[in-house]
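Enquirer: Go by the hints and put chain B onto chain A.
Protein chains: 2
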Amino acid sequence: MKRTARMWVRAMATTVVVFGFGFGVTGLRPALLADEGMWLFNDLPTDHLQTKHGFTPTPAWAEHLMKASVRFNSGGSASFISSTGLVLTNHHVGADTLYKISTPEHNYYRDGFCAPTYADEIKAPDLELNQLMSIEDVTSRVKAAVTATMSPGEAAVARRAVMAEIEKESQDSTGFRSDVVTLYGGGRYHLYRYKKYTDVRLVWAPEADIAFFGGDADNFEYPRYDLDACIFRVYEDDRPAQIEHFLKWSERGLQDGELVFVSGNPGRTSRLATVAALKYQRDVRLPYLLNFIRRREILLQQFSQRSPENERRAHDDLFGVQNSRKVRTGMLQGLQDPQFMAAKEAAEQKLLDTIAQDPQLRGHAQAWETIARLQQRQAELIPQGISLNTTLFQVAQTLVRMAIEDQKPSAQRLREYRDSARESLLQQLFSPAPVYKDLEQVILGDLLAFLAEQRGGDDPLLQQILAGKSPRARAAELVQGTRLDDVQFRRDLAANGGTLLESCDDPLIQLAQLIDPESRRLREEQDAIEEEERQAYAQIAEAVFATQGTSTYPDATFTLRLAFGVVKGYEQDGQPIPPWTTLGGVFDYEQLHAATPPWKLPASWHRHRDRLDPETQFNFVCTADIIGGNSGSPVVNRELELVGVIFDGNIQSLPSDYRYDDRQDRAVSVSAQAIREALQKIYGADRIVAELDQ
Amino acid sequence: MKRTARMWVRAMATTVVVFGFGFGVTGLRPALLADEGMWLFNDLPTDHLQTKHGFTPTPAWAEHLMKASVRFNSGGSASFISSTGLVLTNHHVGADTLYKISTPEHNYYRDGFCAPTYADEIKAPDLELNQLMSIEDVTSRVKAAVTATMSPGEAAVARRAVMAEIEKESQDSTGFRSDVVTLYGGGRYHLYRYKKYTDVRLVWAPEADIAFFGGDADNFEYPRYDLDACIFRVYEDDRPAQIEHFLKWSERGLQDGELVFVSGNPGRTSRLATVAALKYQRDVRLPYLLNFIRRREILLQQFSQRSPENERRAHDDLFGVQNSRKVRTGMLQGLQDPQFMAAKEAAEQKLLDTIAQDPQLRGHAQAWETIARLQQRQAELIPQGISLNTTLFQVAQTLVRMAIEDQKPSAQRLREYRDSARESLLQQLFSPAPVYKDLEQVILGDLLAFLAEQRGGDDPLLQQILAGKSPRARAAELVQGTRLDDVQFRRDLAANGGTLLESCDDPLIQLAQLIDPESRRLREEQDAIEEEERQAYAQIAEAVFATQGTSTYPDATFTLRLAFGVVKGYEQDGQPIPPWTTLGGVFDYEQLHAATPPWKLPASWHRHRDRLDPETQFNFVCTADIIGGNSGSPVVNRELELVGVIFDGNIQSLPSDYRYDDRQDRAVSVSAQAIREALQKIYGADRIVAELDQ
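Those sequence lines, one after another, are chains A and B.
Numbered by this note's numbering, the letters in the first sequence go through residues 29 to 722 in order.
Numbered by this note's numbering, the letters in the second sequence go through residues 29 to 722 in order.
Keep in mind that the hints were calculated from the coordinates and are not lab data.
Each hint can be trusted.
Copies of the same chain are indistinguishable here, so a pair counts whether it falls within one copy or spans any two.
Derived pair list, reagent style DSS-like, types lysine-lysine, alpha-carbon separation capped at 27 Å:
#, residue 1, residue 2
1, Lys171, Lys196
2, Lys497, Lys354
3, Lys628, Lys354
4, Lys151, Lys276
5, Lys196, Lys95
6, Lys378, Lys497
7, Lys497, Lys307
8, Lys223, Lys196
9, Lys709, Lys628
Small disclaimer: the values here were computed from a predicted structure and weren't measured.
Chain A with its partners taken away, still in its complex shape (with noise of 0.2 Å):
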């Protein structure tokens, strides 16, 4: 049901391995480096912040940032920012909303929006947003769930189910949304409680032209000029809700050189993958991906030049696919790069040599092999995975599947159809937001052709898919043939445990029923590759927990982690490249680009021009580490003072999946103060701002 993250990496991307765990890897510098990691809130880095920066977190301050912190289930991480239920985020975040939010007549994502009253915020169709509120090791229950003589698939089952029940015992005693965790690639599982937001309302947005001011050219670019924010409010029992933990917004500008810390959900980083994973994603998974991303990127282009309508309802998926082509482009890169991988063979091959002369540790080293072999049956796999993630055809399946899970105890079934995830799944399922059946057919059209050239013309699969029609015009017949757009009819066919479902002859529903005996299969041996991964990464923990210390953060994993870093220029082909950016820069910016689009602002920024104080912060760089799912997160100062919103990386840190690497790779966020001012001053957001100074 979940669509595409709007993050610069699809944090939720539900096929992902999350696996290693990181340490100053590169090899090239000593072990950790000055601001590296992603931290957890219930084990920072207090030592080593107290070393680097004389700061030690309090666990009040801890406590404060994590509650103040907001994690968009959509893909992207936020704040609360007043006692009044005000939720700050993206623009590129926010962006999902309001593309659902908007018609042919408003075009919300384009053009902005300022609620002027409460009366006036735009009720979101189908967003969650989630306050951490504790967190529990459940290692030890976890791990006892599995014995050594359990197969692969066996040990995936009960790891499972153990994780459902305990996730159904904490949801049934707290009442919170609970997430058991797996850390350091199957080290260590934590249990996550959460509140849960679902009524959640727009409030402020500025135009598209200036929060994403340079467009795709200039993303992941810097210096830049975005004022990449916007505005919701959380609502309970229909009123704003109540917030004890929130931001108060710094009253100063950012000084050079100065701490900052990031609150966000980090979505994965492979910064220990041992080198035959690395070398997988390079060669196999990487260049596949982007091959699949190019595509639909030119897709999405044909079906957008056809009409203004047309683009406006592919805008946002195009955006997403661009980011991400982008991001992987990246990494990819980095991955080619001879001299990175080299250094990563010669860590792997110390830290064996060392394992080697450790009785103890010596038959860990099988892990390595193991992981490998993993990687080449990942390979194989590859090709013959089926994907038709359109919005209508994942209702389908997520109804058809529904339905038979839900014949098997919570703690058995696939994991996203437990009972404590439930209630996010039927807001996914029955969301009312908009779908347009003329991009989902061509979307179908093309994920049919793609399935073809992957499982080859021949495949009898394939052949009972298309029925004897080709890809486009099969998808012509499926989509225009399908009620699964009308959320009644959802509603209708997923009451009394989907009986309907039998004789139901929706040519969706009938696809997904053809389909979901060989996507099982294909998810079992998945399931059961993840998991001896996780047994064998557990493995290669230990022997580096052994061999060099425990105190490390884990791999990312779309939870909440504190980073934290200064503010700092950089240096890019022998110039200096300042820490950041001025409100005044962008109308330079602008003219140097001859105010051609995608450099040009909006009509409000010319119109209230001598309104804004030119020498105000617009965009900063900060060396904290982050990565996608990132985008969103509060930067705060020691003070925990609001200074800016984190939106980008710069081109430098894409490889950051891998690797941290300060010496060019920086953080990009929107400062404080630039959002301030615009509502001030261009926006006329005075509501607004009164409640940010309450």
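Expert: Just chain B now, with coordinates in the frame of chain A:
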């Protein structure tokens, strides 16, 4: 050396295997469809024409049309339209030259051009135009050179040698460019003699906005409104060439249902490729090519959006790539239609059943197995391919290979280095056309990254090529370090049998030397595969001739062919599509799209709108059997008067590589009347029009 061809199929792509030959192949209808066929000028379907259309071309009729037809070696077709050397082709065929003669100050591609006097006509840097003078059957001599005991590798060498001998003898005795052409996939060999024109000058081109009105969005769509035409002039001894055979312009409009003829150079068809060969195209080759094409399209888009000058530099390549992407997508969609493939399978099975009954032919069935085996081998070879075809790398490779090849007798060299082809080769090698190092670097960087993906990052040759650097860093070093953009440097390196190359420290020369052994190994295997294919298709040809008769045409080979058909609309989604559009209609069509690019007419058209006769036919469709390479072909009536110029096929015709189907497939032309009307009324080209009327 050859740059990307501009046509809608890259007809001259040197790695393309030309195979198969044409019949009514859908299996759905009788053997030869009404207006099917791309006929040899020395074997015209006179009976067929008489039966269907009551017309018999005389030898004089055919000779006149043949000699009035022109081939652009950059890819495309054309015609002589005056005794004073004027040549009419498509704007998109001339675009390669328009691009090469443009500068940041004068963008002839975008802005158009009209030479007021002879002296203002602009010389093309490297065009070669061919006028076909005669055709001679040399089948027996070519076939005699290959004996049954030769291995495919030996046979390929022997066949190459005898073809080079024949060409050399012909060139020496006649002075004409002489090419032995392989027809019917190896069933026949004909010697084509051409008069060559290498002093070619631009006379007139319209603005790109009207030549390609509707841009990529409307490419291959119909109804259309494109003035896709431009005019060159050939010179001899610095004076306009005197042309005996040229086409006079029709003075009347076209009638619905009127018989027309198309004389041009279709690039490639695969109408009787075996089912195994088609499945290889469907499941392997076309998906592979499309991934590469989309990758290049995105790359060029990214390069272009950085500045208007970047856009200008990449524009021509980008058009070629987008065009190619649309064509191949359409081809693949045709092959992915289960009904199409089932019909092909049935037709093939029927033929196999027939020959199984015949003791003389029974053994020929092995040919189908041979071809199936060769497809398998091609699929294995694809990822090993080394393609670094930037302009500068191709210069380097040509220099390196020429030095090696020239140590052998002409007949033993790789085919493109034979003596008879030398003049054309050197014209390309020493072309003064501009080379943009920034664009070269971006493309080479991506090709190196692609090579890394294809061969895997651990490939030893790849590692030698990268020399420890990332693909992009290595490309920067190579392109910034080379001097091959200096034509005099190329000449120096080519002088004295390339002895300077031995010690040359130019990094691209060194790279070409490094790659050459592996590159040759692959080339030799490819040549052997193609030889085996030729022998197998020759067997299949015999079987078909024996069972179905000989009155047919060979698959396209980028040599001159005659097609014919009637001016005729068609039905699409239940709507009738008219046979032609009018000049007046383009203004309505512009309004329909709110005059937003690419639907924005040039200022000249609005300025002179009132002068135009709005009823003038603009674009029209006919049922003639064309394919990429036919772009620019003259369309004539029975009286050999010019009525139009082919510039496109409609979207339904894209799978016509594999089949002819006149229900919806149409060739799209710009009418001669519209060109003349625009020349007079909009471009004030009275000088040119006066020449047409002489």
